[in-house]
Amino acid sequence: MKLNFVQFVLPFLAALPILTLGAPKFGVKNHFLSGVCNPDDVIIYTDDTRIENSGPSTLNATLEIYIDPPVPIKCIIAEDQMEDGTGGIMTLNSGGMNHNWVFLDVQGQYGQGFHFKITIFGFPPSPKLATFST
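Under mature numbering (1 follows the signal peptide of the UniProt record, and there is no 0), the residues of the sequence shown are numbered -22 to -1, 1 to 112, in order.
Calculated from the structure, these hints are not laboratory results.
Idealized CB from N, CA, C, for every residue including glycine.
Treat the hints with care, since some could be wrong.
Label-pair ranges, simulated between beta-carbon atoms [said to hold, decoys possible]:
1) H77 x S35: 17 to 23 Å
2) G63 x A39: 18 to 24 Å
3) N76 x V6: 28 to 34 Å
4) H77 x G33: 32 to 38 Å
5) L70 x T36: 17 to 23 Å
6) H77 x I29: 32 to 38 Å
7) Y44 x Y88: 15 to 21 Å
8) H77 x P34: 18 to 24 Å
Using the sequences plus the hints, can you model the full thing?
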């Protein structure tokens, strides 16, 4: 699927005041952005990750995402879906840009779960060149 830069990335970036104000914090939506998205990037992975917690505990998780090579990751966008600021905080653990894998850490709030829509963009696959020998 081809990225529509105007319809997807620009509105998302405009809705990210927390990233421009400083470190993520509880009580507000915490979207996550890693890398640089360009109009030629293609969506190589999407996921809607929701973990619920109704008990007196705090959930923390590491999300491991692997992309079939040879498509390297260009940028990662995770949109916090918890409307009332009770969602988690996502951070980059390892991998990501220029890799075909990423580990994302999520820290939940006490007694709450988390819900993120994750979209990963990669470089457009280049056509393979035929090799001829004589």
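Right, here's what the structure says about each hint:
1. H77 x S35: 17 to 23 Å: Violated: the Cβ-Cβ distance is about 32 Å, outside 17 to 23 Å.
2. G63 x A39: 18 to 24 Å: Given about 19 Å between the Cβ atoms, the range holds.
3. N76 x V6: 28 to 34 Å: For V6 against N76, whose Cβ atoms are near 30 Å apart, the range 28 to 34 Å holds.
4. H77 x G33: 32 to 38 Å: holds (35 Å)
5. L70 x T36: 17 to 23 Å: holds (20 Å)
6. H77 x I29: 32 to 38 Å: Violated: the Cβ-Cβ distance is about 24 Å, outside 32 to 38 Å.
7. Y44 x Y88: 15 to 21 Å: Given a distance of about 31 Å, which is not inside 15 to 21 Å, the answer is violated.
8. H77 x P34: 18 to 24 Å: violated (37 Å)
Violation of the numbered hints given earlier is confined to hints 1, 6, 7, 8; the remaining hints are satisfied by the structure.
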